[in-house]
Structure formats: C-alpha cells, structure tokens
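Start from chain G and add chain W according to the hints.
Those sequence lines, one after another, are chains G and W. Offset between the first sequence (1-based) and this note's numbering: plus 156. Offset between the second sequence (1-based) and this note's numbering: plus 156.
Hints were generated in silico from the structure; no laboratory data involved. A quick note: this is a predicted structure, and the numbers were derived from the prediction, not measured. Treat the hints loosely; a few may be bogus.
[What the hints assert, rightly or not] In silico contact screen, one side only, chain W against chain G (beta carbon under 10 Å); selected entries:
#  : residue
1  : D245
2  : H296
3  : W298
4  : K302
5  : P312
6  : E332
7  : F333
8  : E335
9  : P355
10 : P360
11 : R364
12 : D374
13 : K433
14 : N439
[To be verified] Computed from the model, here is a short list of chain G residues facing chain W with C-beta under 7 Å:
#  : residue
15 : E335
16 : G416
17 : P418
Ideal Cβ placement from N, Cα and C applies to all residues, glycine included.
Single-letter residue listing:
There are 2 protein chains.
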Amino acid sequence: MTTPLTPLASPTSSEAAFADETRPSSVTVACCQLALRVGRVEENRQRVREAVRTAAGRGAHIVVLPELANSGYVFESPGELLATAEPLDGATIREWEALAAELHVVIVSGFAELGTDGRAYNTAVLVDETGLRASYRKAHLWNAEKTYGFTPGSHPPPVLDTPYGRIGVMVCYDVEFPEWVRLVALDGAELLCAPVNWPLYPRPDGERPGEIVRVQADAAVNRMFVAVADRTGTERGQDWLGGTVIVDADGYPATALRLGEPAIVTATIDLAEARSKAISELNDVHRDRRPELYARGGKET
Amino acid sequence: MTTPLTPLASPTSSEAAFADETRPSSVTVACCQLALRVGRVEENRQRVREAVRTAAGRGAHIVVLPELANSGYVFESPGELLATAEPLDGATIREWEALAAELHVVIVSGFAELGTDGRAYNTAVLVDETGLRASYRKAHLWNAEKTYGFTPGSHPPPVLDTPYGRIGVMVCYDVEFPEWVRLVALDGAELLCAPVNWPLYPRPDGERPGEIVRVQADAAVNRMFVAVADRTGTERGQDWLGGTVIVDADGYPATALRLGEPAIVTATIDLAEARSKAISELNDVHRDRRPELYARGGKET
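Bound-form chain G, shown alone:
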C-alpha cells in the first residue's frame, strides 16, 4: 500500500472520500493479550515483535497491543519509570515502524514515553508503513500512575485516516469517560483502538467484567467499533484481567472473550458500518444529540 496518509480535519473532506475508494471493504483487527514484565524493555520488545508477526500471519491489518507495552506497568518508583521510558525516536518505535512497513500493518500500542521535557507519559502511538503517525498521552491517569510520576496529557485523542479506516486512539481509563469517547466518535473514528492494562477486580458471579460492559456502551452509543488489547498474567503481585475485546458497532463483542489467557484475538469487520449512525428509521445516535442542552457538562469543573 502506498496511499499517502494525511490526518484529516473532517471525515467529509475530499481525502476521506479518496481513502474510502482505495481501502478494503473489510479489515482484520488483532488485539494481542500479552504477559509483559516491568522494566524488561528488550524482552517486552521481543514479545511484541512476535505477537505482531503472528497477527500479520493471521491476516491482521490493524494490530493493537497493551498499554505500556515497552515498559510493563507495576513500577516501584518514579526513578524506575524514568529509567525505563523511551523517547518517541528511540529503538522501540523504530522497530515498530520497521514492522509496520514490512508487514503492511497499522500498529497501535501503549508506550512509556520519555518526553523531550524529561517527563514520563503514558502514551499510545499509531504507526503505519509510513512511520509514526500519531502519539497521544493518556489524559485520565489511573491510581498509582499518579505516584509513579506520569504526567497526564492535555490534548484530545487523535483520529486519523489510515489505509484500513479512520482510527481513534486512547488509553485504558480514558475509555471510562464517555465525553472523551464522544470526541473521537464525533471526529469520525470508525474504530477506537485502546491499549489497556485492566487490573483484575472481584465481580459478582456470572457477570461480565464491568470494564468490558463500559466499552460495549462506548461502541453502541456511538455506533463505532472498539478494539481493546489488555494484559494477562501477574506482575509484581498485580493480576491482570485479560479482558481483550473487539466490540462491533452495535455494542456486542465480535468474537469470544478469552478472559485471562494469553491470546491474539482477531475479528474481521466492515468499518463502513460505523459510518451510518442510524439505529431506527428515525434515529441516529449522533444527530439525536441535544448539545445545546449539554452545556453544563462541558463547563462543569
């Protein structure tokens, strides 16, 4: 694929129409539910590399990896985080760029970023065969991320056209803020990719984990696909849920859940479905909004 890639201001622009004509009618998304090890950057890079190759071998066009896939998660100190985080032009991103170019895939992955300001960010990147297309810093930090020393992001989540569809990106706890999810949906994202590290919490017998339920709602109220890649295993005593899920535009999982198992979960989906927001003869989940009445939600502090 050699389609030039340009971030678009609006999905109705001429570039979007061009992208529509050239891209495949269905795409295969792979979410890699991996066990990683905090601080073992080389080892994690190898695991990610193998997963991306496996996913591409299964026909994946878009490969989603967990949050902080280069570094692992359960840091013992801000110093350990800073020693592990990498710049956006470092060896890990360079490797992901090479993989994307070789395998003709889009990679969305979590990444412990060492900013040029010397601060650490819980970042997600989107890399395609042309290189690093976007990086996004998690705006809603979870629990000990605040004490590890991550700096929260202060920019909206990116939405970009790729050869395989229009993709939005955010990280883990971000997806629990419907306002944030709405931003990418209103920007025309057909697929939201979210690297996560969901801690394992108790839940009532027979209930699907609430994290997955909330992602289903994110998808349904926006008629947008959502692909979540979670961790699995245990890290310094922290058990991970392993809740990787690809949700369709109706809000239902597109494939069976593989709770807690190491797995590469794939689904072949038609992202064009997300371009219609109609849910009945006279209803459209976006046009039915009454934003003039929601102002307090925007202004509330």
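Showing chain W alone in chain G's frame:
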C-alpha cells in the same frame, strides 16, 4: 413521613444535610414491569394502582413504572395520542398523589402529558406524599414518537431530594446519551429512575440486551444507582423487551433479571454508597474528569 421536601440546588446545601439525617440508611426500590394497553387509560390506571400497592406491600419506598404508563405506547395517529394524553392536574396524577400519600412511597412514572399549550409530551413525573414534585419531558425522542406528534422537551432532567434519597429522572432513550446521564449525576443524584418502553430487538446468542449494558455503564461511570422499569408483552404487534433492571453503583444488576416476564422487581440498596465517587485509592469518577478538555463535546452541533 412529614419531612418538608424542597428541591435543592446542590447536594452540599444544608437541606441535603438535613435530609441525610432523617432518611433511612437503606431503601427498597421496586420496578414494575407491566403489560399495558394503548388508549385504555382506566385499565392502565388500575394496573398501575395494583402494582404500586403490591410494591408497597413488599416494603418498597420508591416505585418506578414504565414509560407512558397511563396511555400505552403504540399509537396509530397523532389524534389518538392527543385523545389519550392527560394534563398534569388530571385524574391519573391525582390518583398517584393519593397513592403516594397513603402508602408513603415515591412514585416515578412515565406519563403521556397534554400540555397547557395543547401539545403532547412523553413525560415522567415524580410524586411523593406531598404531591407532584417534578415533571420532565423526554428530550430525546425515539422513532415513531416523532410521527405520533410528541414534542421533545428542552429542559434538563430534574434531580430532587426525597425522604428516601436524591433522585434524578429521565425517560427511555434519554439514558443512551451519556451527557444527559452525567448532568443528573453531577447534580448529586444517588438514584436515576428511568421509565422505559424498550422494543424487543434481535441480539447475539448469549448476550445481555444492549439496553441493559448501556444502563450498567451509566451507573458505573457515575457511581450512581439506576432503576429502570420496562414494559412487557406485545402491543399492536410490538414486542417489548421486559428489561427491567436495578443497577448498583458499581454497575452490576442488584437483582436477577426477569426478561420479558410480568414482574415487580425489588432491591434494597444503600443509596449513601453513591455519594462516594471513589473507585481506587487515587481515583474518583467525577473528580477525574477533565471538563476543560471536553469543551468540543458541549459545543458540537
């Protein structure tokens, strides 16, 4: 109970503190999943009366009824709707006021309202032993409601203190707009009561209906209880889901679902749980919001 009831501007006002001291530590909520018949106002009123008495007999403090509980739903024409809708000082509301006073319950019900402007509204009312406390007109109309001739509301959903807790009210499709749900949650609602008429749609095998999933998410992202009373049965060929559910502040159903059955579903819950928005040592679902970054969502048209 003779506590004076005053709508409050803020849950931190002195009236709220007063209400906290006098109200019970746990309350029983009943959601009445009824079969009703369009246009049969007398018959529907009787069915509602019997359900409220049964619920009160089971210890309910708060009784939630379906959308349009006086009129039924599947109208054939705007004329039929107008002929069936009632004013807020009509016989149905008077009866509900008498029931609330006699049984010491709060009633939240859907109501086909004939406005003093001669228009029909898909309204919900909250009635307690002091009388009609609030009426709210559905702001997000569903499908044929637009052709039946309902006028959409243009005011935010009400949030009021009652002897049994601080309650927000909205109607059916309204709950699918997270911005709308957020408004009542930020206003301090501990319990959102939603009369609904959920049409029965196909869904993948083994999946919980998406309507319930979305209400679970509404509850969890706000740490707020949600009580939904749905219809059951079939009306002029329209099958109803019967998806009545009471969701706890963690976002899980507080009782077993009774999909499609006529049922009065009750749960005894501690609404005080909804006053803490903490979900980890360092996270709070409301304080973690970044409203300064959500502005586009409020301004978007």
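Numbered hints the structure breaks, given as an ascending list: 1, 13, 16 and 17
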